[in-house]
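Colleague: Chains A and B, in that order, are what the protein sequence lines are.
1 is the number of the first residue of the first sequence in this note's numbering; add one for each residue after it.
1001 is the number of the first residue of the second sequence in this note's numbering; add one for each residue after it.
Simulated from the structure, these hints should not be mistaken for lab results.
Everything numeric in this text was worked out from a predicted model, so none of it was measured.
Any given hint might turn out to be false.
[To be verified] Here are the computed lysine to aspartate or glutamate pairs in the EDC-like style, where the Cα-Cα straight-line distance is at most 16 Å:
#1 A:LYS168 <-> B:GLU1057
#2 A:LYS166 <-> B:GLU1054
#3 A:LYS480 <-> B:ASP1467
#4 A:LYS318 <-> B:GLU1054
#5 A:LYS480 <-> B:ASP1032
#6 B:LYS1035 <-> A:GLU289
#7 A:LYS61 <-> A:ASP205
#8 A:LYS168 <-> B:GLU1054
#9 B:LYS1035 <-> A:ASP489
#10 A:LYS318 <-> B:ASP1166
#11 A:LYS517 <-> B:GLU1046
#12 A:LYS168 <-> B:GLU1046
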Amino acid sequence: MRFQRVSKAVAVGAAMALALSACAPGGGGDPAASESGAAGGNGSAEVTNSGLADLGDITTKDGAINVSIGAPEFLSYNGFTPNTYSTYNSGIVDRMFAGFSYFGTDGTLYPNEDLGSYEKVSDDPLTIKYTINENAVWSDGTPITVADSVLAWGVQNLNLNEGGDKEKPLFNSVSVDLGDTVPKGPQGDVAGKEFTVEFAAPDPDWALQSWMLHPAHVVAKEAGMSTEELANAILAGESDKLKEAAEFWNEGWVTNPGTLPDEAISPVSGPYKLGSWKAGESVTLVANEEYYGTPAATKELTFRFVEDAAMVQALQNKDLDVINPQPTVDTLSQLEALGDQINIQKGDTLTWEHLDFNFTEGNAFTNLELRKAFAMCVPRQNIVDNLIKPLNPEAIVMNAREVFPFQDNYEDVVSASYDGRYDEVDIEGAKKILEEQDAVGTKVRIGYSAPNERRTNQVAAIKSSCDEAGFEIEDDGDAKFFAPGGAQDRGDYEVALFAWAGSGQISSGQNIYATGKPQNFGKYSNEQVDAEWETLATSLDPAVHQEQVKKIEKLLWDDLYGIPVFAHPGLSASGSDIQNVRHTATQDQIVWNANQWVRAE
Amino acid sequence: MLKFIAKRLGSALAVLFAASLLLYILVINSGDPLKDLRESNADNREYLMAQRIEYMELDQPWYLRYWDWLTGVSKCFVGQCDLGRNINGVEVSGLLANAASSTLRLVLIATLIAAILGIAIGVLTAVRQYSGLDYTVTFLTFLFFSLPVFWAAVLLKEYLAIGFNDWIAAPDISLGTSILVGMILGLILQTFLAGSLKRRMLTFAVVTVFVPLAMQYSLWLNFYRYPQMGPAFIVVLTALVALSATAMSTGLKEKRVLYPALITVALVLIAYYATFYLMAEPNTWILLGGLILAVLLPALVGRFMGGRLRKVAASVAMATGFVGAALTVVDHLFRAWPGFLDNKGRPISTIGSSTANFEGGYWDHFLDNGTQLLLPTILLAIISLASYSRYTRSSMLEVQQQDYIRTARSKGLSERTVIFRHAFRNAMIPIATIAAFDFAGLIGGAVITERVFGWKGMGEMFATGLDRVDANPVMAFFLVTGTAAILFNLMADIVYALLDPRIRV
Chain A
1 MRFQRVSKAV AVGAAMALAL SACAPGGGGD PAASESGAAG GNGSAEVTNS
51 GLADLGDITT KDGAINVSIG APEFLSYNGF TPNTYSTYNS GIVDRMFAGF
101 SYFGTDGTLY PNEDLGSYEK VSDDPLTIKY TINENAVWSD GTPITVADSV
151 LAWGVQNLNL NEGGDKEKPL FNSVSVDLGD TVPKGPQGDV AGKEFTVEFA
201 APDPDWALQS WMLHPAHVVA KEAGMSTEEL ANAILAGESD KLKEAAEFWN
251 EGWVTNPGTL PDEAISPVSG PYKLGSWKAG ESVTLVANEE YYGTPAATKE
301 LTFRFVEDAA MVQALQNKDL DVINPQPTVD TLSQLEALGD QINIQKGDTL
351 TWEHLDFNFT EGNAFTNLEL RKAFAMCVPR QNIVDNLIKP LNPEAIVMNA
401 REVFPFQDNY EDVVSASYDG RYDEVDIEGA KKILEEQDAV GTKVRIGYSA
451 PNERRTNQVA AIKSSCDEAG FEIEDDGDAK FFAPGGAQDR GDYEVALFAW
501 AGSGQISSGQ NIYATGKPQN FGKYSNEQVD AEWETLATSL DPAVHQEQVK
551 KIEKLLWDDL YGIPVFAHPG LSASGSDIQN VRHTATQDQI VWNANQWVRA
601 E
Chain B
1001 MLKFIAKRLG SALAVLFAAS LLLYILVINS GDPLKDLRES NADNREYLMA
1051 QRIEYMELDQ PWYLRYWDWL TGVSKCFVGQ CDLGRNINGV EVSGLLANAA
1101 SSTLRLVLIA TLIAAILGIA IGVLTAVRQY SGLDYTVTFL TFLFFSLPVF
1151 WAAVLLKEYL AIGFNDWIAA PDISLGTSIL VGMILGLILQ TFLAGSLKRR
1201 MLTFAVVTVF VPLAMQYSLW LNFYRYPQMG PAFIVVLTAL VALSATAMST
1251 GLKEKRVLYP ALITVALVLI AYYATFYLMA EPNTWILLGG LILAVLLPAL
1301 VGRFMGGRLR KVAASVAMAT GFVGAALTVV DHLFRAWPGF LDNKGRPIST
1351 IGSSTANFEG GYWDHFLDNG TQLLLPTILL AIISLASYSR YTRSSMLEVQ
1401 QQDYIRTARS KGLSERTVIF RHAFRNAMIP IATIAAFDFA GLIGGAVITE
1451 RVFGWKGMGE MFATGLDRVD ANPVMAFFLV TGTAAILFNL MADIVYALLD
1501 PRIRV
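With the hints as extra help, turn the sequences into a complete structure.
Modeller: Given below as structure tokens:
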């Protein structure tokens, strides 16, 4: 299941995209994207919403399924440290750990009823009650208890540190804010199955927090204390007593490639556990026989570390059963040539491309009229037709920032915030504005992280259109565009072309659009936008969120913060005999429901 | 000689040190190790950056970081290497061990094959300079040499892996195809064997008739799924080797050579039965021991019975013993093949060095590793074939112009003696250098091959490290390849001295 939201952002970084959570909750509905062939034809379970399909009463089937999500080596059982966190490592470890919730294919959050349940019991202060299933146990038979949640809170708590210095936390974790957002931690009998958490401030993204990570009893044992002692020390904030525990959590699961940590210290809470690891080649997960929920559909799941370029032939040769290559037109046409040997899963992802203006003083685009002129001449439809449709025939121009075209509320949000005025390229209109503003020949440097062929092509398309209108477009693609001292850092650009990756968070757009926030790269400032975000971020009511998103989108369109272009396409493929492989738009990638994959008879 | 080696080693160390300093500075300045975080929007981006800066000591000046690395490495002299950890917190020494072993497995056999075949082709084309064979082989080697590795790998996978695997499921060769193959082989063989027009035509005719018949017969036997050889076949083949080796060295009339060879054939037959059950489930040590015995025993027989010709007798018997042992191994592989096919229905894989979680006996694993190694080995070998064959050819041609070759010919020595004793040995001197460099280069240079076949070797470690501006793995790569380059260079110098008495000090 999913780790915490911060880690998602890191993941995106690792995937070389830019991370930003963007989507509002979609609510149940249609699966995210066109699933050409996925659920049809080979006996896959019927898909009713964007969550996991109901496989009925299944037993684990013998056999192995080979999957590759990329070349990077497996890193560690503990994928929650800054060193070991990556999308690739998460693709593997997420199969081994159950969380209280998971993302459906369109970014909708679903509760994971295998592990337990949660409900909001109070709005002010925001209090959530979690219940762990009675029969939920770690794979070594130890019951999963509140102590495990206490550990999850402890590792995300900067107040457990060395000598009172928040810069030196005991636990080297990717996520560190729970100690302040939930000051008291999980409240409840540490040996029991129920706890409540009380947030210091309203947090619309409360359901995304991770309250279940690693086995507390193992950490306690390695630190020479009892599970109760460990949990109580964490809750009491006794950093001194926790040094050994933290040291084990930080280092104890890191092993040399090819050597798995001892099974005694690596029990799991999810449907799969570590089986074997061949350095540089593969890591095999085997079904967790002690799993208390729906068992894994197939006994062995082997992750192979394969370059994208070698994936298609490996699939054809049946060395791999499921692949997740970078979506390129070449890869797609190779896959299509394989005909009915395979199923191809295509669709949008929660990553979206956009052109952002630079609002630093003295920049040409601080002038709204010029931003409008630029928006008029950017050939968005043309870009989507030429660069995206070959990969995803159903792709459309994206007209929103906080919702995606495949989400249910997209139409609603767009119709309330945008009147379609930039749908058609209007060279004449742009020309007129430029003349009125006496700005013919305005130089527009479009910066992006190079090399990136698709972005180079986009800039070329923009250049051929906008130069006609009187702009002078310059391709400023540079490997160091975002680096310190790079063009973005110095402010030497007019437009930045990049992508944010959504992670299902509701409120993190504030970091991009509100004044003075760290991801507000273009130094945009609009008091009204700031205020609307504040309202959104402090509300717990989905209806308010929905309303605020519309208002914010409208403001951002009217004021032209930037221009959204398209949602990135995703691509994966599976042997036609593998059932239940489904595309997902989220960062979880194709393996999100790997515990349901099974080979047809 | 010792002084010479010591001097070379000393200068090598100095070079290594200077190069490591230069490389270290280049690597840590090659990019931004925080790149992924800078572009992230995590709430705690600053914190994550601070963590990484502290972990990778990015706030330290370059000389302190280099000093840290150097002190870690210098502990190697006391046997406690500390190569640091990579950006993911994994110990580089562990990474290096895995990467080096997989690259060595990949490169070793390929280099040997390329060197042996390349030198043989080079000698052959030099001896038959400007013949049709020379032109054809030259054309082919250059063609192979200029193949883009990536593209060639895709083709190999398409035909030798996917195509072969589809075919082996239900082997079938149409009559037309087998006749065509027969004709092509006939053409090739007559170029190699050469001779008068009549002889060439005869070669062509025999091959063109024999090959299609053999192919259809093997299909009828279902040979490709159930191959078999049996002791009788081994004995016949080994005996043929014994006879032809004797004929080529001294002639069949020389009993002192012929008898040890024939006794070896008998020994092979005895060994076949004696070791049958042992060989059904052996281990690598048994195989190695067996190979040593298979060469050593015949050599002793040859020495005792050879008398004045004991050297020749020993070599002939050794060759016979070796072939016999190899055929015995092939026989056991044939026996294991049907079971292996049941276990792994598509025997040739396109990725990795072994099948994940493969279960089976020793021979099954042997076959599994072998089939996985097949494609990358072929690829690496045919690409480096060209340089060996071309260098050997020109070196041979140059040597054949020398006065001492004319002298040898005028003494009335046979052409074979002139070429192998006098010309070939001297022509090998420059090749030794090339082989040494080639091997050292391949250790670090098989990056693309490693990538397309999904092996995590040295090249991959280097590329990944550089991509993430992670100095420790890159430096570990440098340490191994740099040391290898210097060592092999040194070895080449020593081999030089052995081959060429003129530079012996």
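Colleague: Taking the hints in turn, state whether each one holds.
Modeller: Here is what the structure says about each hint:
no.: 1; hint: A:LYS168 <-> B:GLU1057; verdict: holds (15 Å)
no.: 2; hint: A:LYS166 <-> B:GLU1054; verdict: holds (14 Å)
no.: 3; hint: A:LYS480 <-> B:ASP1467; verdict: holds (13 Å)
no.: 4; hint: A:LYS318 <-> B:GLU1054; verdict: violated (44 Å)
no.: 5; hint: A:LYS480 <-> B:ASP1032; verdict: holds (8 Å)
no.: 6; hint: B:LYS1035 <-> A:GLU289; verdict: violated (41 Å)
no.: 7; hint: A:LYS61 <-> A:ASP205; verdict: violated (37 Å)
no.: 8; hint: A:LYS168 <-> B:GLU1054; verdict: holds (10 Å)
no.: 9; hint: B:LYS1035 <-> A:ASP489; verdict: holds (13 Å)
no.: 10; hint: A:LYS318 <-> B:ASP1166; verdict: holds (11 Å)
no.: 11; hint: A:LYS517 <-> B:GLU1046; verdict: holds (12 Å)
no.: 12; hint: A:LYS168 <-> B:GLU1046; verdict: holds (14 Å)
In summary, the numbered hints that this structure violates are 4, 6, 7.
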